[in-house]
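Student: The residues making up each chain are set out below.
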Amino acid sequence: MVAVLPLDLKAATVRRRGRHIIGPVTLQVKAGPPTIVLGPNGAGKTTLLQLFHGLVRASSGQVSWAVDMPQADLAQAYVFQTPTLMRRSVQDNIAYPLIVRGVARRAARRQASEAAQSVGLGAHLEAPAHVLSGGERQKLSIARAMITEPQVLFLDEPTTNLDGRSVREIEEMLMAAVARGTKVVMATHDLGQARRLAGDVIFIYNKGIHEHGPASGFLDAPVTPEAAAFLNGDILE
Amino acid sequence: MNDLWEGVAAAFWLVVMLDADLMEITARSLQVTLTAVVIAAALGLPMGAWLAINRFRFRRLTIAVLNALMGLPPVVVGLVVYIMLSRSGPLGVLNLLFTPTAMVIAQVIIVTPLIASIAHQALRDLWADYHDLLISLNTTKGQRIRALIWDARRSLLTATLAGFGRAIGEVGAIMIVGGNIDHLTRVLTTAISLETSQGNFALALGLGFVLIGLAIAANLAIHTLSRTERAGRW
Ligand SMILES: Nc1ncnc2c1ncn2[C@@H]1O[C@H](COP(=O)(O)OP(=O)(O)O)[C@@H](O)[C@H]1O
Ligand SMILES: [Mg+2]
Numbered sequence: 001m002v003a004v005l006p007l008d009l010k011a012a013t014v015r016r017r018g019r020h021i022i023g024p025v026t027l028q029v030k031a032g033p034p035t036i037v038l039g040p041n042g043a044g045k046t047t048l049l050q051l052f053h054g055l056v057r058a059s060s061g062q063v064s065w066a067v068d069m070p071q072a073d074l075a076q077a078y079v080f081q082t083p084t085l086m087r088r089s090v091q092d093n094i095a096y097p098l099i100v101r102g103v104a105r106r107a108a109r110r111q112a113s114e115a116a117q118s119v120g121l122g123a124h125l126e127a128p129a130h131v132l133s134g135g136e137r138q139k140l141s142i143a144r145a146m147i148t149e150p151q152v153l154f155l156d157e158p159t160t161n162l163d164g165r166s167v168r169e170i171e172e173m174l175m176a177a178v179a180r181g182t183k184v185v186m187a188t189h190d191l192g193q194a195r196r197l198a199g200d201v202i203f204i205y206n207k208g209i210h211e212h213g214p215a216s217g218f219l220d221a222p223v224t225p226e227a228a229a230f231l232n233g234d235i236l237e
Numbered sequence: 001m002n003d004l005w006e007g008v009a010a011a012f013w014l015v016v017m018l019d020a021d022l023m024e025i026t027a028r029s030l031q032v033t034l035t036a037v038v039i040a041a042a043l044g045l046p047m048g049a050w051l052a053i054n055r056f057r058f059r060r061l062t063i064a065v066l067n068a069l070m071g072l073p074p075v076v077v078g079l080v081v082y083i084m085l086s087r088s089g090p091l092g093v094l095n096l097l098f099t100p101t102a103m104v105i106a107q108v109i110i111v112t113p114l115i116a117s118i119a120h121q122a123l124r125d126l127w128a129d130y131h132d133l134l135i136s137l138n139t140t141k142g143q144r145i146r147a148l149i150w151d152a153r154r155s156l157l158t159a160t161l162a163g164f165g166r167a168i169g170e171v172g173a174i175m176i177v178g179g180n181i182d183h184l185t186r187v188l189t190t191a192i193s194l195e196t197s198q199g200n201f202a203l204a205l206g207l208g209f210v211l212i213g214l215a216i217a218a219n220l221a222i223h224t225l226s227r228t229e230r231a232g233r234w
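If you're matching them up, the sequences are chains A and B in order. Note that this note's numbering has the first sequence beginning at 1, numbered continuously upward. Note that this note's numbering has the second sequence beginning at 1, numbered continuously upward.
Rather than coming from a laboratory, the hints here were simulated on the basis of the structure. Every value quoted in this text rests on a predicted model; they were computed, and no experiment measured them. Heads up, some of the hints might be wrong.
[Claimed, not checked] Where chain A lies over chain B, by a calculated footprint (3+ residues, C-beta under 8 Å):
(1) 136 to 142
(2) 146 to 152
(3) 179 to 189
[To be verified] Simulated restraints, written as ranges between beta carbons of each label pair:
(4) L236/A / P46/B: 47 to 53 Å
(5) H183/B / R110/A: 52 to 58 Å
(6) R55/B / E149/A: 29 to 35 Å
(7) F12/B / G134/A: 56 to 62 Å
We treat Cβ as the ideally placed atom computed from N, Cα and C, and that holds for glycine.
Kindly produce the complete structure, drawing on both the sequences and the hints.
Tutor: Have a look at this one:
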């Protein structure tokens with residue numbers, strides 16, 4: 001397997017409907033422990049993740065992977081903040097990315113069934129996806145994203161509004177993926193979660209990357225007063 | 001009044017005894033309409049899906065035209081198909097006028113916009129849900145259309161049944177292009193029209209009962225489907 005990382009942004013800027021949303025951003029996402037994206041609401045966490053994944057385009061600047069695009073596309077997966085459930089059974093939801101890639105239905109469903117068992121959805125294989133609880137839906141999304149064994153997994157606040165047990169189970173799923181060598185890039189507003197998972201932290205503030213560095217340094221001794229205020233729980237405008 | 005009741009009684013017996021004429025006409029009605037609806041669905045469903053997921057320059061206009069076509073007066077469709085298929089018309093060499101095929105063509109033209117339009121509405125909403133996910137998964141256009149059609153299959157079946165309901169009860173167009181020829185192009189609606197004008201109320205009513213039965217069956221099916229849809233079973 002060819003390594004798709006590092007992901008390189010050079011002065012990448014996003015505008016939407018003429019509005020400057022974020023950038024210019026210059027940074028590198030490297031293989032290794034999770035990269036956590038922090039920042040106040042509306043700072044641009046989602047936009048940055050979607051820029052990484054290619055769901056939004058840079059209006060100027062560059063986003064490039066270590067390999068060419070079709071190959072890079074196949075090596076990543078994205079978990080949306082609100083799980084998008086297809087109107088199918090749990091098993092067929094999880095199998096879908098494989099089917100898109102041409103895996104035979106029977107083999108895809110078998111793999112999906114194993115994946116569902118391993119995240120505790122084994123009892124719901126045939127259930128329509130939308131009868132699942134919030135935590136189960138998010139587990140389904142993550143299992144679906146991981147079914148293609150991506151090298152890079154983007155997650156947008158996957159545990160927001162979930163109860164403690166679901167949060168723990170999802171973090172366990174992510175740790176297991178990290179242990180298998182998956183690069184996790186995740187936005188969160190849960191500082192405890194950042195502390196538990198992060199290798200490095202990207203802090204977005206004022207339409208740009210305000211700080212980017214190793215988690216231990218950032219979380220315990222942020223350089224900028226804004227990051228300090230954010231970690232302190234102060235309201236940042 | 002007596003006439004009417006005798007007619008009803010006679011009609012009842014025609015239906016119960018599976019009268020040969022009645023059966024033949026019913027079978028032809030079903031054959032023409034089902035053929036037309038299958039073709040219209042094969043055209044209209046992908047058309048609706050395509051409109052739902054593509055952004056192009058004349059999209060709004062296309063949708064407006066589609067909705068307008070839904071309201072086409074069948075008589076006018078019949079007239080146009082008649083002109084096209086008549087001996088001196090552009091498709092005259094095919095010799096299709098006054099055949100069941102001509103009736104199928106007219107019904108396809110009447111029903112396709114209806115199916116496409118209902119399909120478009122159902123799929124547009126589903127596409128709004130699926131958009132980001134399907135883009136993220138690098139799906140091809142064909143895969144997107146297939147996923148939408150499969151996951152919206154209940155609404156689409158409803159759209160198709162609505163097309164059936166419209167086609168089975170239609171008389172204006174198929175009368176013109178089919179000609180209501182006995183044992184060849186006579187169907188329920190054209191036969192009712194003829195028998196009524198000749199005063200054969202019994203047969204006309206018998207045919208009417210069958211027609212109403214078919215229409216009710218289609219509507220019951222739509223009702224049941226949309227109920228299960230709302231209940232979230234699929
Ligand atoms: N499609 C869009 N069109 C215009 N503005 C948008 C769009 N999506 C997001 N924004 C704006 O971009 C900014 C950043 O949003 P987002 O990336 O969602 O922030 P976060 O995820 O950190 O809460 C917000 O001000 C939001 O209003
Ligand atoms: Mg967000």
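Student: Starting from the hint list further up, note which numbers the structure goes against and sort them upward.
Tutor: 3
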